[in-house]
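Undergrad: Chain order of the listed sequences is A and H. For what it's worth, this note's numbering labels the leading residue of the first sequence as 3, then goes sequentially. For what it's worth, this note's numbering labels the leading residue of the second sequence as 69, then goes sequentially.
These are computed hints drawn from the structure, not numbers from a lab. Do not rely on the hints blindly, as some may be mistaken.
[Unchecked claim] In silico EDC-like links for lysine to aspartate or glutamate, alpha-carbon gap of 16 Å or less:
id, chain 1, residue 1, chain 2, residue 2
1, A, Lys26, H, Glu109
2, H, Lys187, A, Asp32
3, A, Lys26, H, Glu107
4, A, Lys26, H, Glu106
5, A, Lys279, A, Asp232
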Amino acid sequence: MKMSHVLPAMSLLVMSILTTACLKDDCSADHIYVRYDPVFIQPKVLRTTIQLRGAKPLESAGKIYVYGQYLFINEPGEGIHIFDNERPSNPQPLGFLPIPGNIDLAIRSDILYADSYMDLVAFSLKNPGKPEFINRVENVFPHFGFDEARGFLVDYAPTKVEEVIPCSQASGDQVFINGGLWVRREVALAAGSNLKVPTNPVGIGGSTARFTIAGAHLYTVSNSDLKAFDLSVPEKPKLAGTINIGWGIETIFPYYDLLFIGSRAGMFIFDTKDPLKPRQLAEFEHANACDPVVAEDGIAYVTLRSGTECEGFINQLEIIDVADVLKPRLLKIYPMHHPIGLSITRGTLFICEDDQGLKVFDASNWKDLQLLDHEKNLTAFDVIALEDQKVAIVTGETGILQYDFSNPKDLKLLSRIQISGE
Amino acid sequence: MLLPLGISAQSLAGRDSADGKGYHILHFQSTAGQTSWEESEFGFGFEHVSGISLHPRLGIGVGTGLNVLGYGDHKRLVPVFAELRYLPFERPRHRPFLILDGGYAFAWKDKAEADVFRKVEGGLRMHLAAGVEWKTRSGWALMTDFGYLRQHSALERNNFWWWNGGGGDEDFIRETHRMQRWMLRIGLAF
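All chains, please: the whole structure from these sequences, using the hints.
TA: See below:
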């Protein structure tokens, strides 16, 4: 082969290398993400007297609270539906309390306490079917900032957006488009120098408060704080103290004179000997905020499931000896499908298994749980078992279902409060 | 003269005088271009074309091969194309030619990269080149051509970065790539 033949080829090769810049690929990315638009509310709009309105369809279900014969169902962000549940087979809607930003509630001594964005509101339940607004404690819960013109930044409304953008912009969680910052997941930042930016994604699109009543006190948790409210004058709740307890705080439930506070990292145990100044005793590593816990007679039942923000990957029920809460001891593990909420009453354990429905166990012997019944034709998220009435109230994908568990081996469906549109 | 592969070769030009005679060409190629991230990118590959001469100056064929245009399952492609070959002169040796081919290239997902690439798709291909054919006295031919390759492909990748762990099944990005390359080929006709 002559050099005169090879040389032109080599020259072309060199030239192509040197001229790569002349040819540039074009790449476009179909970018699907969630855009979070800030939600503002003016103080004068938020802080009006709240009045009961006529009953309306339930569009989504949050926390359920049973008070006597009445059922209070939170519709997250909107308010509380009230039902007369004297006959669980036929709950009667009584009305709707429109409470902007409401996520949680608790009732004590005929007073309903509820959050409304950054405020705590109180209603008299002298007539539980017709609550009357009586008080508001302002600025006790976190908000994201205040703008003089627009009011309080209280939430972020998610909108799914699909755009075609250059591939070079489509990477990571943050994208700069048109001078603004967009984020892909639950992290959302707001532009504007007058506004704080949330440093923790918990709270956006979910709860910013968790309530529980212990004794004569209301305890709430937000992302990082435990707050204690003095209810010695029930109509006038008073914020008595705030304790910073870390990050990723999400759940709280009382256990005798203790508070179990769930975070993403683990469970903190506080005692309430001084009710207005709870004191941390220990940290409990067997469960975290994503793992619902119930306890009875010194035994705690914890469900762990995959696919949560706590990045767990196992699905199981853990039985834990908490007779000495400072030294919890894992007793046994039962594999499960995808357990979520649970409830226990006098040795009967109810576990919501997501798309596999509701399972009922005889838990009188923790060493050998016996399956008594399995309601399969529902997707179950959470359950409250009412011993006195022998009624289990299940929050499911399609609504609120009530079951008679007089015979725990054969649950009877009593009623269903349908979620509108399902 | 036998090729290093041990295959007896006949020149393309030798057959041109007899229309309808077949030919086979094995190309080895290198590509050069710039990614959408403005980084130079080089690739390589090989293609085999089988064709017939319709006329002393015109041949048509079909080809396939393997092209690796760069990093990523969407840049590793198996093309299937039809080719048109034009030789403006009928000199018996050292003839220039023009090639136009077009077709579709297939891509596939590598299991080892399944965590990153959820799905890959091939796309249309177009190639235009000019070259020179050198025939040896023993009958086989060596060809060199230089041209432009345009190749489309697409992929879906997880929005996965080590610091965010990914957002689940719905957290993905679909990219449509339109690649442009200079392509230099050296071929053996037999």
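Undergrad: Hint by hint, note whether the structure agrees.
TA: Comparing the hints with the structure gives:
no.: 1; hint: Lys26/A with Glu109/H; verdict: 10 Å, holds
no.: 2; hint: Lys187/H with Asp32/A; verdict: 14 Å, holds
no.: 3; hint: Lys26/A with Glu107/H; verdict: 9 Å, holds
no.: 4; hint: Lys26/A with Glu106/H; verdict: 7 Å, holds
no.: 5; hint: Lys279/A with Asp232/A; verdict: 11 Å, holds
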